[in-house]
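Spelled out from the first residue to the last, the chains are:
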Amino acid sequence: MSAPAESPHPAASARISPKLGGATASGAATPAGPGPAPHQQNGPAQSQMQVPSGYGVHPQNYIAPSGHYPQGPGKMTSLPLDSQCGDYYSGLYTVPTQNVVTPNTANQQPGAQHMYGRGPSAPHIVGSTPGSFQGATSPTLHLHTSAAQRYSHFVNHYSSPAMYSANSSVASQGFPSTCAHYAMSTVSTAAYPSVSYPSLPAGDPYGQQMFTSQNAPTVRPLRENSFSDHSTAISHPSPLPPPPSHQYHQPQSLSGCSTLSWSASGLPSTQHNIVRNHTGSLATANSNSTNTVTDSLSCPVMQNVQPLKSSPVVSTVLSGASSTRTPPAANRPVEPVASVTQPSELLQQKGVDSSSTTSSASPMPNSYDALEGGSYPDMLSSSASSPAPDPAPEPDPAPAPAPASSAPQPSKMTKPFGYGYPTLQPGYQNATAPPNSGVPPSSPGYSGFQPYAQYPGMNQLSSGLGGLSLQSSPQPESLRPINLTQERNILPVTPVWAPVPNLNLDLKKLNCSPDSFRCTLTNIPQTQALLNKAKLPLGLLLHPFRDLTQLPVITSNTIVRCRSCRTYINPFVSFIDQRRWKCNLCYRVNDVPEEFMYNPLTRSYGEPHKRPEVQNSTVEFIASSDYMLRPPQPAVYLFVLDVSHNAVEAGYLTILCQSLLENLDKLPGDSRTRIGFMTFDSTIHFYNLQEGLSQPQMLIVSDIDDVFLPTPDSLLVNLYESKELIKDLLNALPNMFTNTRETHSALGPALQAAFKLMSPTGGRVSVFQTQLPSLGAGLLQSREDPNQRSSTKVVQHLGPATDFYKKLALDCSGQQTAVDLFLLSSQYSDLASLACMSKYSAGCIYYYPSFHYTHNPSQAEKLQKDLKRYLTRKIGFEAVMRIRCTKGLSMHTFHGNFFVRSTDLLSLANINPDAGFAVQLSIEENLTDTSLVCFQTALLYTSSKGERRIRVHTLCLPVVSSLADVYAGVDVQAAICLLANMAVDRSVSSSLSDARDALVNAVVDSLSAYGSMVSNLQHSALIAPSSLKLFPLYVLALLKQKAFRTGTSTRLDDRVYAMCQIKCQPLVHLMKMIHPNLYRIDRLTDEGAIHVNDKVVPQPPLQKLSAEKLTREGAFLMDCGSVFYIWIGKSCDNHFIEDVLGYPNFASIPQKMTHLPELDTLSSERARSFITWLRDNRPLSPILHVVKDESPAKTEFFQHLIEDRTEAAFSYYEFLLHIQHQICK
Amino acid sequence: QCNPLNPLVLSEYLIHAFFCVMFLCAAEWLTLGLNMPLLAYHIWRYMSRPVMSGPGLYDPTTIMNADILAYCQKEGWCKLAFYLLAFFYYLYGMIYVLVSS
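Those protein sequence lines, which keep their order, are chains A and B. Just so it is clear: in the first sequence, position 835 is 855 by our numbering, and no numbers are missing. Just so it is clear: in the second sequence, position 8 is 193 by our numbering, and no numbers are missing.
Worth flagging that the hints you see were computed from the coordinates, not collected in a lab. Here the structure is a predicted model, which is why all the values come from computation and not from measurement. Careful, some of the hints might be misleading.
One side of the interface only, derived from the structure: several residues of chain A facing chain B at Cβ under 10 Å [as the list claims (entries may be wrong)]:
#  : residue
1  : Gly819
2  : Pro820
3  : Phe824
4  : Lys826
5  : Lys827
6  : Ala829
7  : Leu830
8  : Ser853
9  : Cys856
10 : Tyr860
11 : Met911
12 : His912
13 : Thr913
14 : Phe919
15 : Asp1005
Distance condition first, Cα-Cα at most 25 Å in a straight line; then the derived SDA-like pairs of lysine to any residue [claimed, not checked]:
#  : chain 1 : residue 1 : chain 2 : residue 2
16 : A       : Lys827    : B       : Asn191
17 : A       : Lys907    : B       : Tyr256
18 : A       : Lys776    : B       : Ser238
We put the CB at the ideal spot given by N, CA and C, even for glycine.
Generate coordinates for the entire structure from the input sequences, incorporating the hints supplied.
Structure (structure tokens):
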């Protein structure tokens, strides 16, 4: 689920935000008066700043000293310098610099300050500060802080200026900026002795605050980037959102953001500490009482509410702030410095994530999750929302609103408050804030959380939220025993997020995003015996080639790797001294190469631990020629099309040719891209597209027993040189075979020919097949007995009937060719055999049952959309993926589409962003001498531009020795997906009923093991830890999934396709397939809505998948991953039907409806924006079916209601009883 | 990957079967009895081999699966031990017969 954040939404939001930013900026600038002022101010600002900057530059190397040095509170003047030093010092600490910057700006620009100062109480301080220098301000602030330090904490939220001042004061105080992160950790622990959740709610607000405060700084970096670098105009206005297209640029902007966040965190923490020191009792009282007691509860609530509304505001605010500030910033030397560091590091793309995550970090899953769930998917929105939620809302609005939109924002802000906040925080913030307007301390309190912000996964704590709570509280939330039979509403109303590994904050923020890398147990058991006792599957789920909006790309001559295990250097290695590092997988001590000592990002020397490789757990290297066996291949695409009577009848050619024509220019590739076409029925047709021909030439080979290539060099042609011919061919193809009477299909020979054609280069073969291959090699017989479709007994023929396709796939894989299969058939086509051609060549499989272009328009539309994605998505060629793990662990089974070349090396002819993989692990040696284990995936591929690249993901997890901790760290979704993969294997190798039994046993075993651990009896009740509470539900869902169900009529091909999907879908999509999401959509409100691209996206709560939740008066949307169903109740409100569906009443709704009309009504807009938002989150655009109650299609819908009983399967409650019975046996 | 290996599997099984037939002809019931389990195992193993067109047992797509690899290795070592013992037993048997006759 976490995935959503990254790809589509962020981009969208990014784009949007720019607009907003631009608009707001212009608007804001003029009213605020900063517009003119800034420029003027710039001059002075520059001069001022320059001094520090120059100063700062030198310090960079000496950062550490600088950090210490500021400690004296009296050093007001030095503050800016210090902060800068801090920044340079470490990417992590960039925060200080930002702080510095901000103060400067604030001081220099009165208008701007006002902006910042918007916070209720903050303004006062600001007012005082504006005229004065930073130094002056800082001291003043400092004084204030000292006086009312504890208040200051609160204040931060309110007044961004306060934040800045605080920051400056902090720096001045000299809390070791160098140790910002340490401070943070310490803060978390020490500051909140009683805090049960180290990072939780506070983090969110904090993160948000960070953002707000950072907004200005971020903007500056961006600006600067634009000036110095090549960032596009778009990026400038919006500080946070990176446009998708500018991936590389974006990181910079993001990094800027992240750095800001960091700085904020660092500062706050330091401040917090300070505060602590000064006012020990008071501070503790404040923080503890407010934070600990109420935070857990109130914070989350607040966050939820706030993000929703505030997010839009935030974005605007940010932009506004940025715009106002940017002008001055750009000129300043200081800022440029910051920008440089940021971009180079690219670091923290995660910064953005973090912001988003922070919001979600709050412990309370329910309310808050909803928010996050909404916000999370879109990076930007989430980030925006996160800042907004708690404290941020106030500060953010404050800065932004000042110019133009102050009024609207406040209103929004208030709203959230009323909503969830009420309990403690509101009072807390309000009351405290006013007094200390200037004091920043509030942020410190939150500082502990900041780390979370960076870690994208953090937000998504599952309802269990085990990880966080684990640390501090004796009884972690994720271990809370739940009596499953008594708990009626087991499903949380918000999406379930990945649990966060229980690591220290440093590592947490560095850890790999759960979107690309998840482990079923976030706490790795120490020994195999312990794992056996827990009876849970241990494995990894990977989504290595996911579309990322920001990814640090590193070009360097030497890629630093461990010399014995070849592990890439990663954030979890330890540097023994400046010259040596210790591998975290094999513990070998390696030398740090000379080149690595220099950090191109900060342009400093001697800081290997600041390099981007060591700051990011997901990086991409541009590989040198050492990593090539041959020159990088060009992108080569071959289309093999079935043109038998059956295929022509179905009419897919028109759609395919149309899509190809539209996307011909968007095919990934460079100038060497080649493309070719083949068609086949009982003979094979080649097309000579050689440049210079006046029209495409068709060559027919009828000798299918011994296929040869008529003109080997002119069949695959350069896309650009022969584009006209290709277009001619595509235009002509659909009509060329309209009168064919050939019903046979010689797929096997056609594939052999394709293999011959591709073998010199490798590439991608797309096969379109519409029937059972009936001629030549690889012919298949129909194996399905329709009468057996609903049998509960044995399901046969799940495995291939022949190994022809497998051997072909292996040959292809050896020649770096992947075969993608599009099966569009109305009858049985033995997908089980055909799928082999894709399974072992790392291709993908698409299946369109009963495809017909007119009779089944929804399938046609789906094909069209899938093709668009398929043709334009990223692709990597001649890839290999290696997974390494810490000594003691070993991988034993891989799941996915690939060929396993050696025990840890997967050969992937092609890699696409929609491919997921799973790995089962076992523990070979006890892990007693280590507290952390790491997993590293390295994917070496050739990009479509002919670059050899290595994408490296590293995941770090803690090792635990007690069974309780193991249970506390279970990631249910990952476990379910792994089990599903294992069950598919089992049903193919053994039998379906075996697989089903194994699934049930998995639940029975793990729950009984947990029961015996808890031991205190109540054997009558079915007890599960909170982290596992959804386990039985998901397993039941799995048993009712097409792949594993029995008793319901399931076509063999459908079943096999579902199995293929389970094997190769990434977790996010798989979960929707297994357990669809049900929403009620006839009463969408803006409550808790999130904002994406200046659209309001409502976030209705999740409903149980049970008919009891369906009411005749309602309309429900079910999100099954690849299909959406909208179920309209019989007595659904006519207003809704009219407004959303465009029909006057229920009776007039047609049976087949696949689109929502674009109506200009509020409810229609809400429904559509919600659906588009859901759609944007996934690669394959789902089709929408409107299902009327009582229409024949409703069985389709109802079979997804997995909590209900069907004639052949248990209801959820019965299933629980069954499990209980099994346990007691 | 498994190309060099697969042709050997069937020949091994055939040779073993041939020995069994010889023992049968020679009415060496004890020896035959010792070999029957392995013969049965071979037949079972070959019947349940993965779908493949050529001779052989090992499927390149699954052989790297750690479970299967471990199983095959274990099987290999066990059979090696069995064949070695059998070899010495046959040798002993032959010498015994020679000496006694």
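We went through each hint and held it up to the structure:
no.	hint	verdict
1	Gly819	holds, 6 Å
2	Pro820	holds, 5 Å
3	Phe824	holds, 7 Å
4	Lys826	holds, 6 Å
5	Lys827	holds, 7 Å
6	Ala829	holds, 8 Å
7	Leu830	holds, 6 Å
8	Ser853	holds, 9 Å
9	Cys856	holds, 9 Å
10	Tyr860	holds, 5 Å
11	Met911	holds, 7 Å
12	His912	holds, 3 Å
13	Thr913	holds, 5 Å
14	Phe919	holds, 6 Å
15	Asp1005	holds, 9 Å
16	Lys827/A / Asn191/B	holds, 14 Å
17	Lys907/A / Tyr256/B	holds, 22 Å
18	Lys776/A / Ser238/B	holds, 21 Å
The structure shown violates none of the earlier numbered hints.
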